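A.B. asks: Protein sequence lines correspond, in order, to chains R and Z. Here this note's numbering is used: the first residue of the first sequence is 0, the next is one more, and so on. Here this note's numbering is used: the first residue of the second sequence is 0, the next is one more, and so on.
It should be emphasised that the hints constitute simulated quantities derived from the structure, not laboratory data. Since we're looking at a predicted model, the values are computed, not measured. Any given hint could turn out to be false.
The list treats identical chains as interchangeable, and a pair is accepted whether it falls inside one copy or across any two copies.
[Stated by the list, open to error] Simulated crosslink set (DSBU-like; lysine-lysine; CA at most 35 Å straight-line): (1) K179 - K159; (2) K159 - K129; (3) K169 - K122; (4) K169 - K56; (5) K22 - K122; (6) K129 - K171; (7) K42 - K179.
There are 2 protein chains.
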Amino acid sequence: MSNEKSNLDRFRIFVLRLGHRPKRDKRVTTHVMLAARALGAVKVFYTGERDLKVEEKICEVTERWGGSFEVEYVNSWRSLIREWKDMGGEVIHLTMYGLPIQSVIDDIRNSPRDKLIVVGGAKVPSEVFKLADWNVSITQQPHSEVSALAIFLHELFMGKELERRFEGAKLKIIPQSRGKLVVREEQPNR
Amino acid sequence: MSNEKSNLDRFRIFVLRLGHRPKRDKRVTTHVMLAARALGAVKVFYTGERDLKVEEKICEVTERWGGSFEVEYVNSWRSLIREWKDMGGEVIHLTMYGLPIQSVIDDIRNSPRDKLIVVGGAKVPSEVFKLADWNVSITQQPHSEVSALAIFLHELFMGKELERRFEGAKLKIIPQSRGKLVVREEQPNR
């Protein structure tokens, strides 16, 4: 953990997924959360309607594949963002309308503050644009909160997130040029 | 276009999305396709069930936001992949079981062949792993075909895809630190 901290955890990354609608967004929200987890975030918050199935899915993945990622439903994005800022955290909203990532990522990376990365959601209220310290675009084209988050985290961590270890994993993949090799890790008794 | 060609189009990128199921995958498939378009692919193929709504959605985006991205439904991924290889193209399958992107991306980038990037899909048949020239993983953790594709293209193009221009766009975003600014482009009569 200590090596990992020096590389990736100079600040901690939290993600806020806005406006989840269980029927429509189930899979995209799951993908946002799994991408957040795999690419170095420590926790995801979400607003909209609470969805226990999505929460279970993420917990299952963490249980099986390691690390200590958390999911939390919050009622109000406004309260969360305000609290976050009051506690000294930085808020980064990913939106196609924001400043190009390539022009702001160095500044964001150089700031040691914990970061809350906000991704929409259907209609993002204009207040989110105002409350954010940074509104950041990953191209000025429509694509996906999943791809935007992925490229943002990849740039933020300068690719080091790809080497991240997930402690306590039950399953571990041994990379292969063809086919699949998964090993089940021996767990110490706890 | 000629500048763009020299930077991004030394090879062309096509994406193949496997096993689309309209009900379940509508939004994730749409996100895969939009990410492919925004991040420099020229065309996406998909298999599974044909879905005119998804095709329309992508065409609408291209119509509005520019460029010449195409979508095509194909019956058989096997025939497409074989044809692709017969014509001298390279096949890259993104899978959490494959070789880490950081260890293979230089080789892939240095090859001038057109590339077909294959993403699942529910269950990816083992034949895909065999037919692919490269099986590539973006972390050895489960996340999303959208985030995997995004990071792959971002690495492949070394970030230059973020500067890509989309010719003939009706709408164009002017990046803002706060708020939204979209301009409607004057189109020459055609």
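A.B. asks: Give a verdict on every hint.
C.D. replies: We went through each hint and held it up to the structure:
1. K179 - K159: Classified as both: same-chain Cα gap 24 Å, cross-chain 32 Å, threshold 35 Å.
2. K159 - K129: The answer is both: 31 Å in one copy and 29 Å across copies each meet 35 Å.
3. K169 - K122: Result: close only across copies, 22 Å inter versus 39 Å intra.
4. K169 - K56: Within. Shortest intra-copy distance 16 Å satisfies the 35 Å Cα cut-off; inter-copy 40 Å does not.
5. K22 - K122: both (16 Å within a copy, 23 Å between copies)
6. K129 - K171: between (42 Å within a copy, 22 Å between copies)
7. K42 - K179: Answer is both: 29 Å inside a copy and 28 Å across each meet the 35 Å cutoff.
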